[in-house]
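2 protein chains.
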Amino acid sequence: MTSPRKAKRGIPPKSDFNVWYPAIIEIADLVDKRYPIKGMDVWKPYGLSTMNLIDGLARSEMTRTGHQEYNFPLLVPEDLLEKENRLVSKLKAAREAGVDPSELRMDDDNSGFKKEVYWVTRGGENELEVPMFLRPTSETPMYTMFSLWVRSHADLPLKTFQIVNTFRYETKQTRSFIRVREIHFFEAHTVHADEDGANRQIEEDAEMVQRILHDLCLPSIVSKRPVWDTFPGAWFSKAADVVMPNGRTLQVATYHHYRDQWADTFDLSYEAADGQTKLCHQTTFGMSERLLGAVVGMHGDDNGLILPPSVAPFQVILMPVAAHADDSVIPAVEALADELSSAGIRVKIDDRDVRPGVKHYDWEIRGAPIRLELGPRDIAKGKCIISLRTGGKMAPPIDGIASTVSDALDSMADELRLRANRNFEDLVKPLPPLVGEEGNLEFAEQFEKGIVYEVAFDGNDSDAEVLEKLTGMTLLGDCDHSFVEPHVCVITGKSTQRRQYIARMY
Amino acid sequence: MTSPRKAKRGIPPKSDFNVWYPAIIEIADLVDKRYPIKGMDVWKPYGLSTMNLIDGLARSEMTRTGHQEYNFPLLVPEDLLEKENRLVSKLKAAREAGVDPSELRMDDDNSGFKKEVYWVTRGGENELEVPMFLRPTSETPMYTMFSLWVRSHADLPLKTFQIVNTFRYETKQTRSFIRVREIHFFEAHTVHADEDGANRQIEEDAEMVQRILHDLCLPSIVSKRPVWDTFPGAWFSKAADVVMPNGRTLQVATYHHYRDQWADTFDLSYEAADGQTKLCHQTTFGMSERLLGAVVGMHGDDNGLILPPSVAPFQVILMPVAAHADDSVIPAVEALADELSSAGIRVKIDDRDVRPGVKHYDWEIRGAPIRLELGPRDIAKGKCIISLRTGGKMAPPIDGIASTVSDALDSMADELRLRANRNFEDLVKPLPPLVGEEGNLEFAEQFEKGIVYEVAFDGNDSDAEVLEKLTGMTLLGDCDHSFVEPHVCVITGKSTQRRQYIARMY
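Those sequence lines, one after another, are chains A and B. According to this note's numbering, numbering within the first sequence proceeds without interruption in unit steps and concludes at 560. According to this note's numbering, numbering within the second sequence proceeds without interruption in unit steps and concludes at 560.
Quick list of in silico lysine to aspartate or glutamate cross-link-like pairs, DMTMM-like style, CA-CA up to 20 Å:
| id | chain 1 | residue 1 | chain 2 | residue 2 |
| --- | --- | --- | --- | --- |
| 1 | B | K169 | A | E181 |
| 2 | A | K213 | B | D83 |
| 3 | B | K169 | A | E183 |
| 4 | B | K87 | A | E132 |
| 5 | B | K332 | B | D314 |
| 6 | A | K169 | B | E183 |
| 7 | B | K92 | A | D133 |
| 8 | B | K87 | A | E123 |
| 9 | A | K413 | B | D209 |
To give an idea of the chain A side of the interface with chain B (calculated C-beta under 8 Å), a few residues:
| id | residue |
| --- | --- |
| 10 | Q122 |
| 11 | Y124 |
| 12 | V174 |
| 13 | M199 |
| 14 | N219 |
| 15 | Y223 |
I should point out that these hints are in silico values taken from the structure, not numbers from a laboratory. Remember, predicted model here, so these are calculated numbers, not experimental data. For every residue, glycine included, the Cβ atom is placed at its ideal position computed from N, Cα and C.
All chains should be built: construct the whole structure from the sequences, respecting the hints.
Structure (structure tokens):
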């Protein structure tokens, strides 16, 4: 193990979140940001291993629900993008022609991904005839192939996923895991016979997101994004946002119902049982390394990371004590390690020749859930000493250690959920009545920095613009749980049960 | 499961290898080659899963030997490549200045990777100030970071690896897994205090390659590549080549000893225990999806793939028979599946409502090692029926099935090794004496197409050129096992024990 860069109590306090977050990521050895391209970090073993465990959670959900794993090429020829742009233009034209807004699918100024992608224009010393771009997401490459694969209703549903890196030519400020240019990405794409099939998929997606977030001990706000914030070509988009400790929301998962709009563009149709040719309905589901960003940001403290047991590379660090003075220590520690491993617990023996204090310090920073010490005196007593990263020590008997540890990991996860829920409750509040005049200092002060507001809102695009301008925040969209009692819309004054949130988003 | 495209006995005979190979890859559903960029295939679930298992073999060797997994960015700024090119130019200049040939490291016309890479020149609508290329391999991005990480002897050895896709602007004919433009790649990079440390690493690499090839049931020729075929910047390169059934050799693994040449270029030095600053010594190790190409090509037959048990996604296909007639069949099959899974065997129940013949046919094509049938009559007898993909049927008792299957998988792997060795012996022969005159038909006919020749060769560059021109083949380099008795060099006539091979290489 490389020792974390000596920051000896040099971790900034977490209360100064915007300083703490970028610091802890490097101090805990998750990534190295010194690679000479901004927004492209080097994943170090500890960070990569944590990310792989998060992937494992997603992969197991996908397998449970009958998705199959594929891997599509990184590069996409420009002419395929033209198809996507035609879809966007078509929908834009519909909006301009005054079509029912509920039928609209995208932001006005969205012209596909063209402005956000990296372009490969040369191979060796040759200019390429058709430029290619690095996938920002994989609708285009995938649907080109889906249209070859789907022939009849017997081929449906087609449920696919892949775990790949995607690329965005990001011009905003970059932040590790949160806004990067090479993105560790998780995407599922499904094809269904009809809208109902796609609806059921969206429900399954919602459930998968909640199961994964539960494993990561992260509460979230689930919203149906407003029309103008809907993914290009989608009928509607839903998203899960985590409220970070600085009160900004981080979108960690999205899922989109495409109806048959993409299918129309990509000639994705099938022969139904009755012999008719029908367009398919589609959905996508996306998550990324932002999940790790949320884990780091939500659970860490002034002493470093705290990793949820589900994704900690090492759930238990075994620390032999006074091993040089007593030959029985190392074999006893190894026996404990074997016993814990056999029970499916991820362990690491830290047998470095350094003081126990250094080991405690290093693994505190890295957020290992449990540190377990065993020395000659413990062996004599048939006990060991356990320190939980969330606080507290125990001296349980060595006998039955696997179930002791397993219980401790479970209760640690519960404790993290409790803390995260407390964070949520502290930072999410009902919007106070809008009093005074805009521009007035008193008026602006009503909106505390770092708070996410719950609002009753039933307005249209321009009402939302008013709300966003007044508060300096963004509307996340309709929350899954509407108000039980009628409320008054903060802008229109109409009675409504629509519960929405406004927030400063990452 | 998508049924393989109906090729009903439409598999070309394997004797026509160059037709069989590309056909079987698609028929067995490993990849789809219809993606609109040549040399970039879509990995389908069965192919990806097999590749992941191969990665698993490599990952477990790396872990066993203390390497740690990283992930470096895909894009490399052009100015970093300039460093690499300076290294190449320097060594070229040395050669031109008449330096001892044994000190030379690269082919004369090698000007780094510049001609072989894809260039990203645009981000969105902006021309990039510094163009970036897609990694063809990761010396440049990695060593840039290594020089930040390595400070003192205590940081050494540094043993890293990553599993990523790499990119080559390939102008030759592409072939799935063998010559592609997006390459599923496996690379290890190590840093040592001195040449001895790097030497030991090269020995460890050789051992890892042999262990992995053993698991894949692939014999190989291990050679030290001739100077002109050495990786740019390497002191020497070693490679393992598999002799494919058409007699062409496929390089499936390489490892390079860099001495301190790259370290010099990348300022990679450390403070030794005595306080002196010293240059590091480095090695690399590379493998790729070519391993899967070798597995497909070596073991398959006229009926489809044969996957070695170590990397078969499903080692046993369980086929319920007459399940509609007897309710006890499915539970009995599920119980068998559980028992096999618990023993660490990868199983799949094929409960499709199709005739058993179709199931046998499909899984034969996909090369599943074992098919297991269980019907009411078998249950009554307490037996099941097992068909091995390498041939043969058995009716073992259900009792103790896990160890029966496990033994069957082991002996199947042995059978594959036996067959592969037979292939090797059939295709590798001593070079007959060079009689007659070059250009003469009789002379050319001495060299059978599809044969790899063993030669005694002790010449220099130009002697090798003569040999290669005479035979139309390429010299693989010095084999690890030299001749026990002195032989006569085929070109110089000198006495030598150096055993080399010449072959048509992929």
